[in-house]
Amino acid sequence: MNNNVPVILQVLPRLEQGGVERGTIEVATALREAGWEPIVVSGGGRMVYELTKQGIRHITLPVYSKNPLTIRRNATLLANVIKEYNVDIVHARSRAPAWSAKKAAEMTGVPFLTSFHGAYNIGPFKLKKRYNSVMQSGVLTIAVSNFIKRHILENYGTDESKIRVIHRGVDIKRFDMSKVTPERLIALSKAWNVPEDKPVIMMPGRLTRWKGQIVLLEALSKMKHRDWRCIFVGSDQGRTSYSAELRKKAKKLGIADSVQFVDRCNEMEVAYMLSGIVVSASTDPEAFGRVLPEAQAMGRIVIGSNHGGATETVKDGETGFLFPSGDAQALADCLDKALDMTEEERLAMAEKAVESVRNDFSTAKMCAKTLDVYKEILKI
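The sequence shown begins at 20 in the working numbering and counts up one residue at a time.
Treat the hints loosely; a few may be bogus.
[Said to hold, decoys possible] Straight-line C-alpha distance at most 25 Å; calculated PhoX-like pairs for lysine-lysine:
#1 K371 <-> K102
#2 K356 <-> K334
#3 K384 <-> K371
#4 K217 <-> K198
#5 K217 <-> K241
#6 K384 <-> K394
#7 K384 <-> K72
#8 K122 <-> K398
#9 K334 <-> K384
#10 K334 <-> K168
[What the hints assert, rightly or not] Cβ pair distances, simulated, as ranges:
#11 E103 <-> P143: 38 to 44 Å
#12 G345 <-> N99: 35 to 41 Å
#13 D282 <-> M196: 23 to 29 Å
#14 S180 <-> P218: 44 to 50 Å
#15 K85 <-> R228: 20 to 26 Å
#16 N325 <-> E362: 25 to 31 Å
#17 H244 <-> N325: 20 to 26 Å
#18 E125 <-> E362: 38 to 44 Å
#19 K85 <-> G273: 29 to 35 Å
#20 E286 <-> D216: 21 to 27 Å
#21 Y104 <-> K192: 18 to 24 Å
#22 L397 <-> P218: 48 to 54 Å
#23 T127 <-> T71: 34 to 40 Å
Everything labelled a hint here was simulated from the structure, so no lab data went into it. Every residue, glycine too, gets a C-beta built ideally from N, C-alpha and C.
Could you build the full structure based on these sequences and the hints that come with them?
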């Protein structure tokens, strides 16, 4: 180990957006606050600034590449980084960079750790499973939910004693109802032209088919309640054909006038406060899924698909509602049930949801548990 302070190197493809990226920055920040030295290697991106403004070292390498020759070259480059900065642990957060990071760790004799962030598609051939297997090949593997832990055990035969479950965290300092001022609410409400006299149903998430936007549109058309506004918040990331399909679907269902689409939002804590109900209708299981616990932290009524990480963050009927994945009628029933709740019932559910997130799914807890894993590996 380094004679002064432990040095932790996290490796991921890019720092553009997403839960993996956010978690990397949060852990790097926690390391710095604990007096450790964090280093992040990625292919760059707009979130690099969040590291550099804190004085956290970021090194840009093409670790996003799946090209075998580039992966091999990256291993040598990472080994040089490990030696230059006396790195104590290499922590890989995605598959392509994990192959380079594993080789670099072997070349330098440094412990290799992984975070298994998703239920990666295995496919019909062994090659894909082999490619994925690097994510459970470290001295320990962090699973971001119990759902992911089960996925690892069922598909890769990993020794259960090598898996540590650490749920992703919600920044409860940011996602706090008391921190959202009336001025911010009014400004965003005006920018989005949100009606004051209708309940708002919101679905955050990039516009991609597996996120279930079509399921929600179908559910909206089946509701007994007809007077509402539904806002889809998220970029299509160039998937213009899919976003056009969604608009066409809304028109065909006769609900186009009650539906609007908003590009990515940098003030999601404010956006949640504009809504009464927040929906996550993913048709594929989310490894964890931050939308629901973020919305819960803001005291919103949440509805999620009954699979993946949602089954761990939402207690059906207590801190939100769950429905069978892909079942538009069941989702419609949940939406109607939420709209039929009395104010007392809504407040009681909101209070339980906020307490659940603060107790079990905070960023602080995620970071503390991750540092405990680092200490376990370094035996300190």
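| request: List in ascending order the numbers of the hints, as given earlier, that are violated by the structure. | output: Violated: hints 1, 12, 18, 19, 21 and 23.
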